[in-house]
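J.: Residue numbers (the working numbering), protein chains in the order written: chain A, 149 to 647; chain B, 311 to 656.
Among the hints, a few may not be true.
To be verified - Which residues of chain B face chain A? A few of them, derived with a C-beta cut under 10 Å, are:
#1 Leu504
#2 Pro507
#3 Ala511
#4 Gly514
#5 Tyr518
#6 Ala519
#7 Gly521
#8 Val524
#9 Tyr527
#10 Arg530
#11 Arg534
#12 Glu537
#13 Arg540
#14 Gly543
If you're looking for bench data, these hints aren't it; they were derived computationally from the structure.
Just so it is clear, CB atoms sit at the ideal spot from N, CA and C, and this is done for glycine as well.
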Amino acid sequence: MTEPPAAFAAELVGVSKRFGPVLANDGIDLAVARGEVHAVVGENGAGKSTLMSILYGLHRPDAGHVLRAGRRVRLRSPADAIRHGLGMVHQRFRLFPGLTVAENIVIGAEPVRGGRLDHTAAHRAVTALADRYGLRADPSALVGDLPVGVRQRVEILRALYRQAEVLILDEPTAVLTPGEADRLFEVLRTVAATGVAILLVTHKLTEVLAASDQVTVLRQGRVTGRFTTAGTDAGELVHAMIGRSLTPPAPRRARPPEGDPALDVRDLTVRDADGVARLSGVSFTVRPGEIVGIAGVAGSGQRELIDSVTGLRGGTDGVLLDGTPVRPGRDPRVAYIPEDRHGRATAPDMSLAENLLMGGQRTLATRFGLPRAAVRSRGRELVERFAINTASVDLPIAALSGGNAQKAVLARELTRPSRVIVAEEPTQGVDVGVRERVHALLIAARDQGAAVLLQSSELAELRELADRILVLFEGRTVAEFGPDAAEAELGQAMTGVRG
Amino acid sequence: MTAVATRTVRRVVLSAPVVAVGGALALTTLVMLVVGVDPSLAYPALVRGAIADGNLEYTIAAFVPTLGMALAFALPLRAGEFNLGGDGQLAAGGVAAAALALSAPLPPVLAVLLPLAAATLAGGLVAALAAPLSTRLGIPAIVSTLLISAPAVSLASYLVRFPLGEQGTGLAQTPPLPAAAHLPALTEGGYVTLGLPLIVALTGLWLYADGRTVLGYELRATGRNREFARYGGVRVNRLAAFALAGGGGFAGLVGGLIVLGPPYRFVDGALTAPGYTFTAVAAVLLAAARPFAVPVAVALLTLLQVGGQGMEREAGVPSQLTQIVQGLIIVIVAVFATVRARRRRA
Numbered sequence: 149m150t151e152p153p154a155a156f157a158a159e160l161v162g163v164s165k166r167f168g169p170v171l172a173n174d175g176i177d178l179a180v181a182r183g184e185v186h187a188v189v190g191e192n193g194a195g196k197s198t199l200m201s202i203l204y205g206l207h208r209p210d211a212g213h214v215l216r217a218g219r220r221v222r223l224r225s226p227a228d229a230i231r232h233g234l235g236m237v238h239q240r241f242r243l244f245p246g247l248t249v250a251e252n253i254v255i256g257a258e259p260v261r262g263g264r265l266d267h268t269a270a271h272r273a274v275t276a277l278a279d280r281y282g283l284r285a286d287p288s289a290l291v292g293d294l295p296v297g298v299r300q301r302v303e304i305l306r307a308l309y310r311q312a313e314v315l316i317l318d319e320p321t322a323v324l325t326p327g328e329a330d331r332l333f334e335v336l337r338t339v340a341a342t343g344v345a346i347l348l349v350t351h352k353l354t355e356v357l358a359a360s361d362q363v364t365v366l367r368q369g370r371v372t373g374r375f376t377t378a379g380t381d382a383g384e385l386v387h388a389m390i391g392r393s394l395t396p397p398a399p400r401r402a403r404p405p406e407g408d409p410a411l412d413v414r415d416l417t418v419r420d421a422d423g424v425a426r427l428s429g430v431s432f433t434v435r436p437g438e439i440v441g442i443a444g445v446a447g448s449g450q451r452e453l454i455d456s457v458t459g460l461r462g463g464t465d466g467v468l469l470d471g472t473p474v475r476p477g478r479d480p481r482v483a484y485i486p487e488d489r490h491g492r493a494t495a496p497d498m499s500l501a502e503n504l505l506m507g508g509q510r511t512l513a514t515r516f517g518l519p520r521a522a523v524r525s526r527g528r529e530l531v532e533r534f535a536i537n538t539a540s541v542d543l544p545i546a547a548l549s550g551g552n553a554q555k556a557v558l559a560r561e562l563t564r565p566s567r568v569i570v571a572e573e574p575t576q577g578v579d580v581g582v583r584e585r586v587h588a589l590l591i592a593a594r595d596q597g598a599a600v601l602l603q604s605s606e607l608a609e610l611r612e613l614a615d616r617i618l619v620l621f622e623g624r625t626v627a628e629f630g631p632d633a634a635e636a637e638l639g640q641a642m643t644g645v646r647g
Numbered sequence: 311m312t313a314v315a316t317r318t319v320r321r322v323v324l325s326a327p328v329v330a331v332g333g334a335l336a337l338t339t340l341v342m343l344v345v346g347v348d349p350s351l352a353y354p355a356l357v358r359g360a361i362a363d364g365n366l367e368y369t370i371a372a373f374v375p376t377l378g379m380a381l382a383f384a385l386p387l388r389a390g391e392f393n394l395g396g397d398g399q400l401a402a403g404g405v406a407a408a409a410l411a412l413s414a415p416l417p418p419v420l421a422v423l424l425p426l427a428a429a430t431l432a433g434g435l436v437a438a439l440a441a442p443l444s445t446r447l448g449i450p451a452i453v454s455t456l457l458i459s460a461p462a463v464s465l466a467s468y469l470v471r472f473p474l475g476e477q478g479t480g481l482a483q484t485p486p487l488p489a490a491a492h493l494p495a496l497t498e499g500g501y502v503t504l505g506l507p508l509i510v511a512l513t514g515l516w517l518y519a520d521g522r523t524v525l526g527y528e529l530r531a532t533g534r535n536r537e538f539a540r541y542g543g544v545r546v547n548r549l550a551a552f553a554l555a556g557g558g559g560f561a562g563l564v565g566g567l568i569v570l571g572p573p574y575r576f577v578d579g580a581l582t583a584p585g586y587t588f589t590a591v592a593a594v595l596l597a598a599a600r601p602f603a604v605p606v607a608v609a610l611l612t613l614l615q616v617g618g619q620g621m622e623r624e625a626g627v628p629s630q631l632t633q634i635v636q637g638l639i640i641v642i643v644a645v646f647a648t649v650r651a652r653r654r655r656a
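Turn these sequences into a full structure, and let the hints steer you where they fit.
T.: Given below as structure tokens:
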């Protein structure tokens with residue numbers, strides 16, 4: 149192979165792609181060099197995923213083309229892309245949990261001996277690969293037994309095993325803990341050092357600044373900024389992403405919360421179906437006008453705590469709302485913003501208006517039923533008030549971007565007549581603009597006297613919003629911090645290290 | 311304007327039901343040609359068999375139970391439950407109606423109303439058996455309704471042969487019902503009865519409830535995403551049970567309507583042999599989650615079925631050919647749904 153030495157590893161030239169009325173990509177140029185970590189950032193719906201799908205052969209551009217090592221290539225499918233040395237690590241892993249690490253890595257290009265998978269050769273190849281890139285992974289471990297961070301490493305190894313020279317990672321840290329994310333960035337550095345070009349799709353600016361060499365910013369399908377990471381800062385990137393600067397966070401309210409607790413959790417113990425205690429003797433209160441944060445590594449009892457507080461786990465004496473026990477089913481006295489947007493917070497293929505209705509259907513009903521006009525007009529009112537960006541309230545909510553769907557969930561829950569608000573990862577998977585808006589809404593609710601319970605895996609979010617932070621570890625509250633707690637302190641408490 | 315019109319036309323022409331019916335007819339034509347049947351004779355015979363020469367009355371008489379069975383499948387389907395036990399619910403309804411009409415002499419109007427109510431109740435109870443199996447034990451309704459169906463049909467068959475059977479004839483049928491229990495006929499042949507306006511009214515009621523009531527909204531939310539509905543405070547288990555029982559009630563009512571119509575007795579097998587249940591399932595699937603399309607799809611498939619018998623008489627084409635059409639429609643609809651789901655995931 150004779151390739152022009154100056155050529156980029158991969159280049160998208162003048163790429164445009166239209167989906168119906170939406171111009172997802174509008175004449176985008178993007179080039180990534182060998183050995184470079186290139187971040188592609190933008191809000192949800194800015195066109196990042198479409199662009200990467202074009203580079204990986206999942207979509208074909210309406211205009212423009214793709215260059216690979218300086219030569220024009222036609223990518224009709226991911227198989228084409230793989231043949232041309234492109235690899236992609238998807239947000240949702242595409243691994244077989246029942247197969248070993250080695251089997252998952254070699255799948256599709258297995259070493260074969262006598263018509264059967266050559267396990268020894270597969271192990272050898274995987275070990276060699278892991279050593280070469282410094283990615284530790286036991287080839288004989290079952291993927292289903294591995295933590296998420298290691299599974300992601302297996303995905304990366306699989307791409308590298310197929311000789312990927314350009315590696316695309318789509319929101320790779322969405323599923324990782326902060327520690328795992330840091331390790332991922334080290335891995336990306338090591339891999340890039342071997343000459344692989346890396347495209348890192350993300351909307352988290354801290355990651356961009358921590359892990360990339362170059363940044364391309366997209367907004368509404370166009371490139372709005374190209375930066376060398378070392379020469380830029382968060383403010384400049386935000387401006388390119390959302391077309392304005394962020395307003396400074398609201399000052400912390402001086403007045404302390406007052407009155408009797410709106411939410412009182414007393415010695416709450418929850419056991420799972422096998423009798424194992426998921427929560428043991430948890431007690432705390434949230435007073436009106438207060439945000440209490442819940443921190444903890446995933447699976448420390450957050451799910452059980454929230455499902456108990458909202459009544460979804462059934463009634464319990466351990467949770468009191470305004471002094472009376474929580475009602476089973478869904479206690480209407482609690483507004484609840486769930487983490488699982490498609491699984492719980494919305495019915496994706498029902499219309500936006502019908503999604504906004506849930507919980508309020510009985511108040512809108514007349515003697516003759518539920519007038520559609522009333523459902524729509526209530527939907528339109530919330531769309532207006534909460535600045536939800538949509539063409540119509542009749543569209544299925546799945547057609548909205550993640551940030552707008554989240555705004556819809558907030559609109560519905562915050563307009564309930566509830567004094568207690570439970571927010572679970574309220575800004576997961578939304579961009580900085582929406583994040584700012586969500587935070588403002590929660591603060592406004594607090595200032596109007598709501599008692600807010602905020603569960604988040606993002607420590608920065610907890611420190612920014614919460615008046616107090618409780619740390620859950622193995623189903624117990626192990627520590628309580630003020631909002632000025634250091635991340636290191638919180639991190640230690642979350643992993644059970646006693647300070 | 312014209313671009314919008316073109317797009318609308320394209321969307322209708324390329325929609326799953328239209329492609330399915332068109333594709334199925336094309337494939338059936340191919341089958342006809344292969345087996346040596348002249349389609350130019352067969353299709354007119356099919357249409358004549360369905361609507362001309364006084365056959366329309368039979369078609370309408372078949373449309374009523376099929377539409378009723380379509381409601382029996384569609385109502386639970388909106389809540390995400392598959393009711394495939396229509397046959398059992400139908401037979402239970404029929405036998406309940408026959409038993410009540412035969413056991414006690416009733417005053418004129420009640421002699422019709424009470425057996426129909428009993429039929430509805432019986433069908434609903436049989437279907438509701440599946441609800442606790444699904445909510446408590448996790449057995450999907452699609453399995454339990456189907457499994458409960460066979461014993462229910464057999465039980466009805468036993469009752470009709472022995473305790474309720476016509477003495478001395480040896481035929482598997484009940485004695486004729488008293489005249490007071492006969493459904494008033496709307497046509498001279500007596501095949502189109504008061505069942506037609508009743509089922510049409512119930513269909514209208516269902517469409518209204520589905521689209522414009524709290525109950526309909528909560529049922530649909532339960533069907534689209536059960537966890538979302540539960541999170542929203544809807545009592546999803548109770549609602550799913552209600553939907554199954556309601557579907558069974560429709561099926562039972564159809565059983566009652568058949569028994570109280572000509573020949574005014576429960577003839578063993580006469581309720582399930584015409585295959586109303588699965589024709590109705592096919593029609594609802596063809597309507598593809600558009601409730602308003604359900605009556606249309608039922609009409610289309612009923613025309614095919616009744617017309618198929620005419621085609622057999624007139625053109626010597628086996629009426630099984632129309633079952634091929636029906637089968638192909640389901641296959642094409644299923645392929646469409648799968649492709650669409652896969653495309654959405656990508």
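J.: For this structure, which hints from the list above don't hold up?
T.: 1, 2, 3 and 4
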